[in-house]
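Asks: For reference, the chains in residue letters:
There are 2 protein chains.
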Amino acid sequence: MTTKTARSRNQLVVLRLGHRIQRDVRVTTHVCLTARALGADGIIISDVHDRRITDTINRVTKQFGGSFTIETGKPWRHSVTEWKKAGGRVVHLTAYGIPLPEIIERIRASHENKLVVVGAEKVPGEMFHLADWNVSVTNQPISEVSALGIFLDWMFNHRGLQEEFPNAALRIVPTEHGKRVVRP
Amino acid sequence: MTTKTARSRNQLVVLRLGHRIQRDVRVTTHVCLTARALGADGIIISDVHDRRITDTINRVTKQFGGSFTIETGKPWRHSVTEWKKAGGRVVHLTAYGIPLPEIIERIRASHENKLVVVGAEKVPGEMFHLADWNVSVTNQPISEVSALGIFLDWMFNHRGLQEEFPNAALRIVPTEHGKRVVRP
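First to last, the sequence lines map onto chains A and B. Here the first sequence stands for residues 103 to 286, where the numbers follow this note's numbering. Here the second sequence stands for residues 103 to 286, where the numbers follow this note's numbering.
A couple of the hints might just be wrong.
Any copy will do: because identical chains look the same in the list, a pair fits if it lies in one copy or spans two.
[Unchecked claim] Straight line, CA to CA, 20 Å or less: simulated EDC-like cross-link-like pairs of lysine to aspartate or glutamate:
1) K281 / E223
2) K186 / E228
3) K186 / E204
4) K224 / E278
5) K187 / E214
6) K281 / D234
7) K281 / E204
8) K186 / E278
9) K176 / D143
10) K187 / E207
11) K281 / E228
Don't read these hints as lab results, they were simulated from the structure. Values in this document were obtained by computation on a predicted structure and should not be read as measured data.
Start from the sequences and build out the full structure, keeping to the hints where you can.
Replies: This is how it looks when you write it as structure tokens:
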């Protein structure tokens, strides 16, 4: 079992493109929960503000610990170009990209901060060219939620699944049959 | 690269509990796409019929191949008890369960057919007792979509990501920067 703070690595932030208020509130919430649970440092939801999502995720972080950040409302292209200007690298998850097993070693070997981009239904063609790596989690139609989860699991060498979060008010205790939650 | 038909294994079917028509249409569609892309044989959406989901997924299967099945409308408890009566085993994905890395070997070692249960917001307490294994993909609040994706990736030894689907009308060709789709 490792703690988030003890693991030495660069920043990894998720960028959610194309969130549509109302329609995507549940799916984008799932993207945020996945990013947080699997060890990303934060998420940027581009172009819009959606208070329901920010409130939900900040409440989860307060209860279950860690320091997951959410930023909203900035144009997506601005986030991507700023990230690159600061020396970071950009991964774009898309069914059209290079299969994860073929490319993960190269991504892991690069020591720059990573921005991991996940789209909603339509991603602007420009994104495929701005990305350093277009990565596919299967070349099948899939969900950006599971693609992100699987990518992060591989990115962190399958070691993120039992990570403990610091400063948690609640902690789930693994149980064979039932539910157990404690206040540490 | 392996093809789905060439891989010898028992049946694995996903059971989606608690789907609420309207509210969950997008998330349940993501659950279905994830199940199909990662190599499950089919999905059962319990208790309700939601034609939009069935139509979407059947269209994807027709275009991208394979023989993914969808069954809807049966009470969830009936599906679980029938599965067990027929000698199959039941995995329930829940943040309260035993961590995936600790339990996956035991699940892989069992040769019975598997029913993999994923809930929506509230799962009846009875489910925790009907399951042979309650499995957590992190003990954090997470999405059932990414939990399912990561579970299937581990279940199939990380070999499902480059699987080819037979009888596809369309096939995505992995590309560094852009989109390429061919008719095989």
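Asks: Next step is simple, just say for each hint if it's right about the structure.
Replies: Here is how each hint holds up against the structure:
no.: 1; hint: K281 / E223; verdict: between (36 Å within a copy, 15 Å between copies)
no.: 2; hint: K186 / E228; verdict: within (15 Å within a copy, 50 Å between copies)
no.: 3; hint: K186 / E204; verdict: neither (23 Å within a copy, 39 Å between copies)
no.: 4; hint: K224 / E278; verdict: between (41 Å within a copy, 18 Å between copies)
no.: 5; hint: K187 / E214; verdict: within (12 Å within a copy, 53 Å between copies)
no.: 6; hint: K281 / D234; verdict: between (43 Å within a copy, 15 Å between copies)
no.: 7; hint: K281 / E204; verdict: between (39 Å within a copy, 18 Å between copies)
no.: 8; hint: K186 / E278; verdict: between (46 Å within a copy, 18 Å between copies)
no.: 9; hint: K176 / D143; verdict: within (18 Å within a copy, 41 Å between copies)
no.: 10; hint: K187 / E207; verdict: neither (24 Å within a copy, 44 Å between copies)
no.: 11; hint: K281 / E228; verdict: between (46 Å within a copy, 11 Å between copies)
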